[in-house]
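Listed here are the chains, written in short residue letters.
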Amino acid sequence: MSTNESAESIQEQIVALLPRLRRFARNLARTPHDADDMVQIAVERALLHLDQWHSDARLDSWLFKILRNAWIDEVRSRGRRAKLFMPEQAGENVGEASMEREIDRLSVEAALARLPHDQRLAVSLVLVEGLAYKDAADVLEVPIGTLTSRLARGREALAALLRPPQGDRS
Amino acid sequence: MSVSDETLMAYADGEVDAATRAIIEAAMRDDPEIRRRIEEHRALREAMQGAFSEVLQEPVPQRLIDAARGHVAARGHNAARAGNVVDLASARKAAADAPGRRRSWQPIAMAASVLLGVALGYLGWHGSNTWVKTNSRGELVAGAGLAEALSNQLSEDRSPGLVATTGLSFRAKTGDYCRTFSSTGANASSGLACREDDGWKIKLLAQTPNATSNSSNFRPAASADAPAIRAAVEESIDGEPLDRAGEIAARQGGWGRSSRR
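Protein chains in written order, with the numbering used here: chain A, 1 to 170; chain B, 1001 to 1261.
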């Protein structure tokens, strides 16, 4: 069946995109484990909703969008669980994004992690993943002007974070 | 002339049209400051391109590859933490059309939400049918003890001696009420059940294998928040979970769809 074959070829394309999905997820999640869990959830959702993917759209953008939505759900459900699931364990996993780990690793990753998440996503999609503005705006479901201004502010903040403290040139 | 920083950024990113590019390139020739700013944008772009690049070199966990190919899989490190999660509907289907390839990519009907759970061999079948059992149609349903908990307990109940604790209650997009639950006994398992006309159907079940042998940082029966269950909740929930008052109202209505407003 040709639909089966095309679904299988999409599955293989998704397999090929897994490294990039994992990278993008690491920009969102607190830990690499959480990131991989989100990738798995996103991939499972994508397969269930393959009918919603239009083959003229970029597969990577579509998957990034699903991943981002999975992350939003995750953040929301963490909030819910804190209220409703197992209250005695609510503290676990929360705030695990150790500040100290970020501080002793003076890297672009560390700087990126300190940006507000809107800016972090814009920077991550355009500068790390190399998406065009229009595709990144589509992933984030915002107008391109919004994407551009988040990107500009994010870059400015990054430049300030990455600039060596004594390096006041000029 | 002055060029906005956003425009310079877009230029550095190759996102301007030909006319704007010509203007900027003319400005660059005249103005070292503009050259410097564009250079900064480019340098940052290059620096960011390498960010997280190590993850690209890492081997991709097999569970993700399996997920992308639509194969039933245990959930990586969560399998260790939360037990094996298996899609029962597809497992059955796979058994039915074995050795053919399972067409798992096809929207398993409405089953987006209905990642059915698990490990048929293990479950409830150790002795009594109090935990889960199959009904006459071969569907997995709550046994007497679990059904009692699902029908009567509020999520906040944590009294000792309960067969199960209930976690989160919500109305699914199907109109049915659904609840997550965890066993409190030695054979830790947890899952998601929805109240249908003829009882509590088990939509997902995750098992925590041999909780005592796990290293101590794995919590024992905490799998009601296993990613699979969370994902199933997120897929099927309509609106927000019920609060205490909502649970009481639903309980009064026997968790029936008829109580839908």
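Check before you lean on any hint, since a few could be wrong.
[To be verified] What follows is a list of derived Cβ distance ranges for each label pair:
| no. | chain 1 | residue 1 | chain 2 | residue 2 | range |
| --- | --- | --- | --- | --- | --- |
| 1 | A | ALA16 | B | ARG1029 | 36 to 46 Å |
| 2 | A | GLU141 | B | ARG1029 | 47 to 57 Å |
| 3 | B | GLU1139 | A | SER9 | 51 to 61 Å |
[To be verified] Derived, one-sided and incomplete: chain A residues facing chain B with beta-carbon distance under 8 Å:
| no. | residue |
| --- | --- |
| 4 | VAL15 |
| 5 | ILE41 |
| 6 | HIS54 |
| 7 | ASP56 |
| 8 | LEU59 |
| 9 | SER77 |
| 10 | LEU112 |
| 11 | ALA159 |
| 12 | LEU161 |
[What the hints assert, rightly or not] Every beta carbon over 12 Å from chain B, so not counted as near; a handful from chain A, in silico:
| no. | residue |
| --- | --- |
| 13 | GLU8 |
| 14 | ARG58 |
| 15 | GLU74 |
These are computed hints drawn from the structure, not numbers from a lab.
Cβ atoms here follow ideal geometry from the backbone N, Cα and C, with glycine treated the same way.
Going through the hints against the structure:
Range check, ALA16(A) to ARG1029(B): about 43 Å between beta-carbon atoms, so the 36 to 46 Å window is met. One distance hint, 47 to 57 Å for the beta-carbon pair GLU141(A) and ARG1029(B), is violated here, with the actual separation near 39 Å. Evaluation of the 51 to 61 Å hint for GLU1139(B) and SER9(A) yields a failure: the beta carbon distance comes to about 34 Å. A hinted interface residue such as VAL15(A) counts as satisfied when its beta carbon comes closer than 8 Å to some beta carbon of chain B; here the least separation is about 5 Å, so the hint holds.
The restraint placing ILE41(A) at the interface with chain B holds, with a minimum CB-CB distance near 5 Å, inside the 8 Å limit. With 8 Å as the threshold, the beta carbon of HIS54(A) stays out of range of chain B, its nearest partner Cβ sitting at about 16 Å, so the hint is violated. Given the 8 Å rule on beta carbons, the hint for ASP56(A) is violated: about 20 Å separates it from the nearest Cβ of chain B. Taken as an interface hint, LEU59(A) does not check out: its beta carbon lies about 11 Å from the nearest beta carbon of chain B, beyond 8 Å.
A hinted interface residue such as SER77(A) counts as satisfied when its beta carbon comes closer than 8 Å to some beta carbon of chain B; here the least separation is about 5 Å, so the hint holds. Taking 8 Å as the C-beta cut-off, the interface hint given for LEU112(A) holds, the closest approach to chain B being about 6 Å. About 6 Å separates the beta-carbon of ALA159(A) from the nearest beta-carbon of chain B, less than 8 Å, and the hint is met. Residue-level restraint check for LEU161(A) is violated (minimum Cβ-Cβ distance to chain B is 11 Å; threshold 8 Å).
Not every beta carbon of chain B lies more than 12 Å from that of GLU8(A), the smallest distance being close to 8 Å; the non-interface claim is violated. At roughly 16 Å, the least C-beta separation between ARG58(A) and chain B is larger than 12 Å, which holds for a residue marked as non-interface. The non-interface label for GLU74(A) is inconsistent with chain B: the shortest C-beta to C-beta separation is roughly 7 Å, within 12 Å.
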